[in-house]
Amino acid sequence: MKKILVIEDNPMVIKSLQFKLTKDGYDVIIAPDGREALKLLKDATYDLILTDLNLPFVTGNELIAYVKENLPAIPIIVLSTSTQENIIMDAFNMGVEDFITKPFSPNELSLRVKRLLS
Amino acid sequence: MEKKSKELASRHAILIVHKDYDKIANLSLLFKEQGFYCLHVKSGLEAIKKFEAAEDVIKTLLIQEDSLPLNAYKTIDYIKTELDKSPYCVVLQESGGTEISGSHKIILIDRFFSLGEDMDSLFHDICEQVKNTFAEKPTNCSYSLGYLKEISDNSAEFIAESLQLFSTSVAKEIGDLYLKIKTGSYEDIRKIAHKIKPSFAMLENHKGVEICDQITYQAKDRELKNSIDDLYAEFNRIQHALKTDYPNLNL
Numbered sequence: 001m002k003k004i005l006v007i008e009d010n011p012m013v014i015k016s017l018q019f020k021l022t023k024d025g026y027d028v029i030i031a032p033d034g035r036e037a038l039k040l041l042k043d044a045t046y047d048l049i050l051t052d053l054n055l056p057f058v059t060g061n062e063l064i065a066y067v068k069e070n071l072p073a074i075p076i077i078v079l080s081t082s083t084q085e086n087i088i089m090d091a092f093n094m095g096v097e098d099f100i101t102k103p104f105s106p107n108e109l110s111l112r113v114k115r116l117l118s
Numbered sequence: 001m002e003k004k005s006k007e008l009a010s011r012h013a014i015l016i017v018h019k020d021y022d023k024i025a026n027l028s029l030l031f032k033e034q035g036f037y038c039l040h041v042k043s044g045l046e047a048i049k050k051f052e053a054a055e056d057v058i059k060t061l062l063i064q065e066d067s068l069p070l071n072a073y074k075t076i077d078y079i080k081t082e083l084d085k086s087p088y089c090v091v092l093q094e095s096g097g098t099e100i101s102g103s104h105k106i107i108l109i110d111r112f113f114s115l116g117e118d119m120d121s122l123f124h125d126i127c128e129q130v131k132n133t134f135a136e137k138p139t140n141c142s143y144s145l146g147y148l149k150e151i152s153d154n155s156a157e158f159i160a161e162s163l164q165l166f167s168t169s170v171a172k173e174i175g176d177l178y179l180k181i182k183t184g185s186y187e188d189i190r191k192i193a194h195k196i197k198p199s200f201a202m203l204e205n206h207k208g209v210e211i212c213d214q215i216t217y218q219a220k221d222r223e224l225k226n227s228i229d230d231l232y233a234e235f236n237r238i239q240h241a242l243k244t245d246y247p248n249l250n251l
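Residue numbers (our numbering), protein chains in the order written: chain A, 1 to 118; chain B, 1 to 251.
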């Protein structure tokens, strides 16, 4: 079973991601902030990361930089409520594979996750 | 009951499901005396057939909790999710019956009534329901479950838990916003507003989303307090509507 690390601090978004991704057949691990995510990344391997950008303790951008440097094989999808072009472009420039706005469309999420994991 | 209410009651049929008519005879009589059109069937399956026959005039369902072969919860679940009907649902319990506590069951049920209990409160609730059924629907609903239904394939359990999460998490964050105003932590305020924006979006409350954006991107420091007041007012409006629509969720 493919393992997905979700890094998100809004409980309703966490619940919906967990529900949808579990239903799609993935093993979903939740980190409510960047610091917890770094710990989890050091302890286990993941097939995909979904991360918010505005995270407590360690920001999304810091986390992306860490993953791209130390675990470059893990694809990253950024989750954000922001539609500001500069924020999206910054994330892509750091090497993230995809971007989804919150709240996400369930079908869109399934397709984008499937594409990166296939 | 006043004349106007009696007129409405005559358009509001009540279906009572109980294997033993004697036990619900008084209830049935009370409603009939007040002008309601009262039907009686013995099982959940018969009730489903009544609803399948597109009898949209049935606005209230009173059903014995341990009805056989389908109990009250399965019957109500089928009527609401499969037949897409939305009657006011009352589960009739034997006196001293145990209340089912699973939120996925409770969300489908409007109230419980213990047979033998004073019928006045049930009667009052159903009369209120009659008024609501025929009242004009407000055009500016404060929330919608459309997104939660879409994402969960209409899972009642998921929706109930999400509404509870909305209620507790947004209340806490708004409390934090007021604390941050006191300490002048304006950047933290913008981060919190950004964080809770999806919660309003998931309930399709566009005003809440707009205010969160205003706090995050537009409001000057001195304007933040007013915007937080607006957000709090909008949250209360949603909460009030949710509490009215789902009294059993303990929001």
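These are computed hints drawn from the structure, not numbers from a lab. Where hints are given, some of them may not hold.
As the list claims (entries may be wrong) - Quick look at which bits of chain A chain B covers, simulated, 3 or more residues with Cβ under 8 Å:
#1 5 to 16
#2 67 to 77
Stated by the list, open to error - Short derived list, chain A residues pointing at chain B, Cβ under 10 Å:
#3 K39
#4 K42
#5 T45
#6 P56
#7 F57
To be verified - Restricting the straight-line Cα-Cα distance to at most 27 Å, the calculated cross-link-like pairs of lysine-lysine (DSS-like) are:
#8 K207(B) to K23(A)
#9 K68(A) to K191(B)
#10 K102(A) to K23(B)
#11 K114(A) to K149(B)
#12 K243(B) to K220(B)
#13 K191(B) to K15(A)
#14 K50(B) to K15(A)
#15 K220(B) to K15(A)
#16 K15(A) to K23(B)
#17 K114(A) to K172(B)
#18 K220(B) to K102(A)
#19 K102(A) to K50(B)
From the three backbone atoms N, C-alpha and C, an ideal C-beta is built for every residue, glycine too.
These are the hints, each one checked on the structure:
no. : hint               : verdict
1   : 5 to 16            : holds (count 7)
2   : 67 to 77           : violated (count 0)
3   : K39                : violated (21 Å)
4   : K42                : violated (26 Å)
5   : T45                : violated (28 Å)
6   : P56                : holds (9 Å)
7   : F57                : violated (12 Å)
8   : K207(B) to K23(A)  : violated (31 Å)
9   : K68(A) to K191(B)  : holds (25 Å)
10  : K102(A) to K23(B)  : violated (52 Å)
11  : K114(A) to K149(B) : holds (22 Å)
12  : K243(B) to K220(B) : violated (34 Å)
13  : K191(B) to K15(A)  : holds (20 Å)
14  : K50(B) to K15(A)   : violated (37 Å)
15  : K220(B) to K15(A)  : violated (33 Å)
16  : K15(A) to K23(B)   : violated (44 Å)
17  : K114(A) to K172(B) : violated (35 Å)
18  : K220(B) to K102(A) : holds (25 Å)
19  : K102(A) to K50(B)  : violated (42 Å)
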